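Chemist: What follows is the residue order along each chain.
Number of protein chains: 2
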Amino acid sequence: MSGAAQPAIILVEPQMGENIGAAARAMLNFGLTDLRLVNPRDGWPNDRAVAMASGARIVLENTRVFETTEAAIADLNHVFATTARPRDVIKEVATPKAAAIELRKKAGHGARTGILFGKESVGLSREDVALADAIISVPLNPDFSSINLAQAVLLVGYEWFQAADDTPPVKILNEERPANKAELSHLFERIERELDARGYFDPIQQRKHVILRNMRNMFQRLGLMESDVRAFQGIIKGLTMKLKDRKDDGDPS
Amino acid sequence: MSGAAQPAIILVEPQMGENIGAAARAMLNFGLTDLRLVNPRDGWPNDRAVAMASGARIVLENTRVFETTEAAIADLNHVFATTARPRDVIKEVATPKAAAIELRKKAGHGARTGILFGKESVGLSREDVALADAIISVPLNPDFSSINLAQAVLLVGYEWFQAADDTPPVKILNEERPANKAELSHLFERIERELDARGYFDPIQQRKHVILRNMRNMFQRLGLMESDVRAFQGIIKGLTMKLKDRKDDGDPS
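Residue numbers (full-length UniProt numbering), protein chains in the order written: chain Y, 1 to 253; chain W, 1 to 253.
Simulated from the structure, these hints should not be mistaken for laboratory data. Model, not experiment: these values are computed from the prediction. It is possible that some hints are incorrect.
The list cannot tell twin chains apart, which means a pair is met if one copy fits it or any two copies do.
Said to hold, decoys possible - As a list, the in silico BS3-like pairs of lysine-lysine whose alpha-carbon atoms are at most 27 Å apart:
hint: 1; residue 1: Lys244; residue 2: Lys208
hint: 2; residue 1: Lys106; residue 2: Lys208
hint: 3; residue 1: Lys208; residue 2: Lys105
hint: 4; residue 1: Lys244; residue 2: Lys106
hint: 5; residue 1: Lys105; residue 2: Lys237
hint: 6; residue 1: Lys97; residue 2: Lys237
hint: 7; residue 1: Lys208; residue 2: Lys97
hint: 8; residue 1: Lys181; residue 2: Lys105
Excised from the complex, chain Y in its bound form (with noise of 0.2 Å):
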C-alpha cells in the first residue's frame, strides 16, 4: 500500500494527547501512516500520545504539524470533513463505508486524498467544514451520538480497509471433511444396537420407530464433520463401558 494511495487523517486542533495516540493506533490498524495534526493544543511531540499509540510509534514518528487546516490539506486533491451533524451545507453526506469507496476510487485514478476530524469539544469548525469536498457522517444511535476522536478515525479506518479487502465474510477455520453418508449410518446403526443391547425401548417399543427415526434426523441435519463423527465414536465407546466400581461384573468391552 503505498503512502499516496492512502488517505491521510487529519486532526484538527485535538485537544488529547491521549487521542491522538489512539487515533494514531486505530490508523495503523488498517494500515494508515499519513498522520496530520493542526494546531494541537498541547504541542507535538506529546508523551500521553505515545504512552496511547501502543506500538503505533512509526505513525507518530512521522506526524506532520501545521498551523491551519488549509496548509495540511495544501496537497490534497480530495478531502471529506467528518462531522456529526451536517448543518446547512450543500456537500454529499457519505456513511463511512461510502465514502471508503469513493476514497478507493479517487486513489486509483490518482488523486491524494484525506480526511478532516475536529476537535473533541465540538468537532470542525463551518470553515473547516468548507474546505472540504464531501462529508462523512457516521450512522449512530440519535439519543447518544458523542462519538470519541479516535473511535470515529478507527471507523473510517476500518471501512477504508474492508473496502479492499478480500476476507470472506464467513469462513470455517481448518475446515475438514463433511461426514459421508456412510459414516453417518454406521454411527447411527451403533447407538441403536447398543441402546438396543441395554433394553432402552422395552418400555417403549411402540415408539422406537419414532424415536430412532427423529434421532436420525437430528444427526442428519447437525452437519457433522468427519472428525465430529469420530468424537461421537469415541463418547458412545467411553458412555458404554463399565462403571470403574464395578470391575467385577465380567463385562467384556
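Based on the hints, put chain W in the right spot on chain Y.
Modeler: Frame of chain Y, contents of chain W only:
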C-alpha cells in the same frame, strides 16, 4: 429496540476500568445496553469506568458482574467469541459484518445472543472460545493487529447497528427454541461425568483436557435446539444403562 433483541456484550476479565467505560460508551453509540463483566480485575463499580463512559452511565448502572463466563452466558442461545488469532478450532469465523447479520437473524428467531471479548493483554482463553458458537475476527493490518478492547466493541456494535436496515422483518413461527448455554453445559457435564465414572480418560489422562474442550467446541458448533438436547440426554441415559444380559451385575441405573 428491546433488550432481548440486542446482543449482550460480555467482557471477560477486563483489566482497565477505562476500557470498560470506553466500551460502554461505544455500546451506547450503537444502542447496545446489556453489558456483562466476568471477574473485572479492579472490582466493580469502578470510578475510572464512569469517567470514561462520557454520559453512557446508564450502561454502567445496568452492568451485571459474574464469576464465570459460563454464568454470564447461561441465558443466551447464540454466542460469538471475538479473537484476533483463531487457533485450531472448527468454528465459523465471521467478519463483524457477517456476524452482525447473523446476530440480527438469530434475534429475529427469538434467540438471545451475546459477544465475548477477552482481557486486554491476552484476549479470550481457549476455554472461553470453546463456550462460543462461532468466532468474530476483525480484518486488520496483519503487521499491527493489536486492537484496543473498546475499539473491538465499537466495531462490532457499529456493524450490528448498520445491519438493522438489511434485516428482513421475517419471523419463523412455531420454530423450536435453540438450546441455551445452561442446557448445553448440563449436557456436557453429564457426558463428562459419565465418561469419568467409566474410566474413559484413565489411559489418556494427559489429553483429557484437550479432548473435553474439543467435545465442547463440537457441541457448541452443532446448533442444537432445546429438543435436541433432550434427545441427547435420552441417548446418554440409554447408553449408560446396564446391558440386558448383565442383569446380575447389580448396576443401579
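Chemist: Output the numbers, in ascending order, of every earlier hint that fails for this structure.
Modeler: 2, 3, 4, 5, 6 and 7
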